[in-house]
Structure formats: C-alpha cells, structure tokens
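Visitor: Protein chains in written order, with this note's numbering: chain A, 1 to 220; chain B, 1 to 442.
Please keep in mind that the hints were generated in silico from the structure rather than gathered at the bench. Watch out, some of these pointers could steer you wrong.
Here are some chain A residues pointing at chain B (derived, C-beta under 8 Å) [stated by the list, open to error]:
(1) Gly-95
(2) Met-99
(3) Thr-100
(4) Glu-103
(5) Val-104
(6) Asn-107
(7) Ile-139
(8) Val-140
(9) Met-195
Every residue, glycine too, gets a C-beta built ideally from N, C-alpha and C.
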Amino acid sequence: MDIIAVDRLNNLIWLGRYSERVYTTIKTFFKGYDIMLDDPYFYVTYCERFQIPNIYKDQRDFIEKYVLDENDPNSILSNLYRAYDNCIVLRNEIGTESMTYLEVALNNLKSIHDFDSFMLELQTVVDYILAFWACLSDIVEKYEVKTIIKLGRRIERLDLYLRLRKNVSEIRKAFVLLDDRMKRASVAYDIEKYMALKEVIYDDCIDYDKAIYLVESLID
Amino acid sequence: MCMNDLVKHAEKINSLLSRYGVKFGIYKNNVFKEQLFPFDCIPRIISKEDFDYLNKGLIQRVDALNAFLLDIYTDKKIIKDGVIPEEFVYSSSGYLVECEGIVPPQNIHSHISGIDLVEGKDGKWYVLEDNLRVPSGASYPMIARDLCRKASPQTFLNNNIEDNRDYADLLKATMDHVNTGGINVVFTPGRYNAAYFEHSYLAEKTGSQLVGPDDLVVKEDYLYFKNYNGHLEKVGAVYRRISDEYLDPMTFLEESLIGIPHLMEVYKKHHVAIINAPGNGVADDKGIYYFVPKMIQYYLHEKPILHNAPTYLPYYEKDRQYVLEHFDDLVLKDVAEAGGYGVVFGNTLTSSQKKDFIDLMLKEPRRFIAQEVIDFKDLPIQEGETIVERKADLRVFVLSGETTKVWKSGLTRFSRNPDSFIVNSSQGGGFKDTWILSQSTD
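My request is simple: use the sequences and hints to build the entire structure.
Guide: Listed below in structure tokens is the structure:
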C-alpha cells in the first residue's frame, strides 16, 4: 500500500477535479465562442448551461472575465489556480517534472493580453493539461496516486456533463469511466449513493439534478 | 572560464526556472505572494585551491560547533573552564533549558549547517555567521544547475566543474545515519511558508515523505505518520523546517498549532531523530559567534583555519570602549534578529539615532555585537544588456553524518541594490550558482 497523507488524498482528488474542470471548460468554451461570433447573446445561454451566475455586462465582458478574471470564481483562470494550489502541495506524490506542465499552463493562461486573438494561447493551456496528465501516467510510480487523480477527473467530468445536459450516450460513457476508477481506487465512498447514481444514469429518462446531487455526495 | 554560452542563454534559463516554479514566498501587507527567486546566470567561481582551504576550515568549524552543543547541554566544561562566560550561553534566546541533558542520536546536533561567508577584497574568506537551526537555500543552486545544464550543455562540457547534484544523496545519507528506525520525513509548516518550494523539493529528491502537523501523531512513545488508509508508519527521522519554539506545544509554545504534541518526549527517549536538533540556536547566536575560534582551540586543540569577521562584544569593557571610539566604522548587529534585519551601519545614523543606539547598547550590551565592515568582493551581475557589480555572500552547506562533508557548491546571494550589502531574498536579493572547479587553475 502506498504512503499518502490523509490531507493529500483530498488534494489528489481535487487536483483531478480542477484540472478536468479547466480542460472540459476550455473545450466547451471553444464551441460556445464559435457560436457567439454569430450570436452575441449566446453567452447568457452558456452561463445557464454551466449553472453559473450571469454577472457579465455583455459578450466582451463575459469573454474577458470568464477567461482571465481571478476574482471571478467561475473563470478558467480561477479554476486553474485551484488546480495549481492542489498541485503545489503534491510535489512529493507527483514529482517536479509533472508539476512543470501545470505551471506552464498557468503561465500561458496568465500571459493572454490580446482578447482579439487569444484562442491559440488557450489551446496551449489544453495542450499542457493533456501533457500534465500524460506525464502523471508516465512517471508517477505510486499506483494509488495516479488512480485517485483519475478518480477526481472522472467525477468532475460526469458532474460537468450532467450540468451541461449532455446526451445520454455521453453521460453513460462518462459514467463507465468513473465506474472503472471507483473499482480501482481504494478511496472510501458512499456505496448506496453510488448504486442509486448508477440506477439514475441507466434510467430511460435521466434525472439530471438528482444525478448531480449523487455525484457530488459520493465522497466526503 | 568560458561562460558566454550561459550568458547568451540567460532568457532560456530564466524561462526554465519559471517553468519549474523556483519560487519563494513573501508576505507583503499580510498577503502571501509567491515570486520567482531572481537568478543571475553568471556563476560565482571558486578555485579548487580555495575550496580545499574552505573545506578544511568548514569541517573544523562545524565539528567544533557540534562539540560545543553536545557539551553545553550536558557537562558544560567550556563554561566551567572559563572559555565562554555562562551569561552568554544562558541569556541566549537560542538556549533551551528543555534540551538539558538530551544527547541526540549519534551525538550530532547540527546535521545541516549553513555557514555564511564573504570573500574580502584582500582575497581572504571571512565567516559572517553560522546557521545551525534551519538553514535554507540548498535547493536553489541544486535545481538551477540542473536547468543551466539543460539550457547550455556546452558550458558544462567546456569547464571542469564539480557536479553539485548530489546534495539530495548527501542529505539522505545524513538522515539515514541518525534514523532510529522508520521512514524519513520532511516536516513543513505548510504551503504558505517562505521556503515551501525547498521543503517539497528536498522531500521529493531525498525520497522522504513531506508532512505537515496533522500527518504525524505520537503514540506510545513513538512518532508515526498517518497513512490515508488508517495505517500508521513509524518515523525514524524528522527533518523539521520549523523553528524550535513551534516544534512541540507540550514543551515549547503551547499556542503553536503547527507543532507535534509530545514530539520531545519521543526524542528524549531516542525513538526519533530531529534534524537539526532543538536548542542549536545557542551556538549560532551572533554573540556566541565571537567565541567559535576559541571553541575550535578548546575542543579540537587546533588553530582555527577560517577567519571570523573582526568582532567586538560591547559586553567586555575593552571592546565596548573600542566600539564607542570607532562607532562610525562598524556594523552593529542585534543578536536577536535574523534575515538581514537588525543590522545597522554606524555611519548611516543621524546624531540623535546614534545617541539612542549607544544608550540602548550600553543598557543591553549583551544584545549587540559590532563588526568591522568587510569590504567584500563585488561579483558581476547581468542587468539587462549590461554587466554590473554587486555585493554577494556565500552560504556553504556542511552535512554532518557518519563524517562531516562540505557540499561542493553553495548558495551565492547578491544584492540587487548597488549601494546595499544586504543580500537576503526577503529583501529583494537574487541568487547565483556556485561553481567549484574540479581541477587546479594553473
């Protein structure tokens, strides 16, 4: 059994969750931004889908704040900072080499100044998050460490997909990935809620809100 | 020395340092901020001959300091024999009565000693101070070397430089030597400590577990690490990165929330090693510094190899008179302060400030030391496109395990302010790599 401190267990899960949140958010933002080019009010729908408060004056304000405002708790930058904050205390578990990829992702995101042409920089953030995950798989020796981060990622992905009201097939695909990790990670979770979640996901008609509640309460 | 390549690649090196998050924390207006530690890629170069000399002198000095610590918490022969006045020991804020009678594993008190030196313009090296509590800084040249080699391999192909990337091995061997059975841990006060980068980096590189106060527990006279699965792992050595007073709330500051309750009981029973031992502050007190050459003669029966900066203790009548007569030529240090604070250059005070200072010094003579201002060598620093000269010191790390070893590198810190002698990172200073040449220069 690997040696991992109790507090670090939470950091591992949240590192997985926040890195996944940044990744999925940027990918969703790419699609949303493309729609906004033709429909300047689409950002309102976007906020509704993500279930985040629409505190933005207009589309331009939304784009700038949603990407880069560290005082906006829902911004991509705020979420990347949270991933980084969890990462920085895990050097012992994941190694300096892995951490550098998240460090570069953060540096690249912070370096965005020109909002007329920032999509390529944003793409590099996605690239570095993918490289970060790949590095974890490649160099981290502790099986538990890798598995717990992935568990966090799978929880977050299912949670986000449910919030975004993705279609049944995508939701079930996200659930299968989570199911696989649940079996592998030796992390305590609420089995009854997990079974209930499974039932909701495989219902003919998914109760999205109930499923979100169940995903959020799987692990203390 | 061919280091043009290194200078040419300065931007690449700094970008790698940023990528690797080589930072230190600082509190400004009570807000914690992390910033990159400014790095100058022109290294300090120490010849093989100079290093051989420093090596001998540093081993001698640290061995004497360890002998002093062992003596002072047990027999106190050095006091009984009148070499050091007892008030200098017992009034030192670093002396801990709670450590009386404790003999640490393998008799070693200072496992990692950070000795601050400067090279004078006269070519002589002077010891400025000994840091025997929690000296920090080794991780910076360690990682900087690694990144410089990556950015400019040619530089390292063309120069005969001792590899400094063995620090983690030396540190691990030092920890293993005193380990009482169990895992090694690096004990950090947490993420918002100024040196957190170093704590986590050294834990990673030595294969130790990085732990905070909630991760450790004392049970039946042993110290354990709490694994996430509920299992307890015995701890044999704690490389603590917090000050003595916060170490154990049951023994020291009871309001400490970052300590390990009952740790000192385990330590007293020799069931765990604490690196460095609590109570070492008595030996790196600025007042005790004056007596280090005497310690070397007393314990080792040898002539001191390294020079102290000429130091005067206002406590002694003769020295006090000298300090009053030469006040403007001296630098005065408050022995209770560290990190470049509490340092006053006599010639910078107004007449009323000078009067106040002298009054305080006469009232509390034990609290101050005075030193001749060493005109230490300036080192070249790259500033934009130009090269400028700045004051720099050198912290050398001496590790005491089975034998005493000097790490063939060190932390060279420089002042970024042209008029300042203060090199501390907390006051805006930067750092350089320190090259020890592996072959004679002639």
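Visitor: For every hint, state whether the structure bears it out.
Guide: These are the hints, each one checked on the structure:
The criterion of a C-beta within 8 Å of any C-beta in chain B is met by Gly-95 of chain A, whose closest approach is roughly 6 Å, and the hint holds. At about 7 Å, the closest approach between the beta carbon of Met-99 of chain A and any beta carbon in chain B falls short of 8 Å, and the interface hint on this residue holds. A cut of 8 Å between beta carbons decides the hint on Thr-100 of chain A: the least distance to chain B is about 5 Å, and the hint holds. Taken as an interface hint, Glu-103 of chain A checks out: its beta carbon lies about 5 Å from the nearest beta carbon of chain B, inside 8 Å.
Among the interface hints, the one on Val-104 of chain A holds; its C-beta lies about 5 Å from the nearest C-beta in chain B, closer than the 8 Å criterion. Interface restraint check: Asn-107 of chain A against chain B, minimum CB-CB distance 6 Å, threshold 8 Å, status holds. Contact between Ile-139 of chain A and chain B, as hinted, is not supported at the beta carbon level, the nearest pair being about 12 Å apart and thus beyond 8 Å. Checking Val-140 of chain A against chain B: minimum C-beta separation of about 12 Å lies over 8 Å; hint violated.
Taking 8 Å as the C-beta cut-off, the interface hint given for Met-195 of chain A is violated, the closest approach to chain B being about 23 Å.
Comparing the model with each numbered hint stated earlier shows that hints 7, 8, 9 do not hold.
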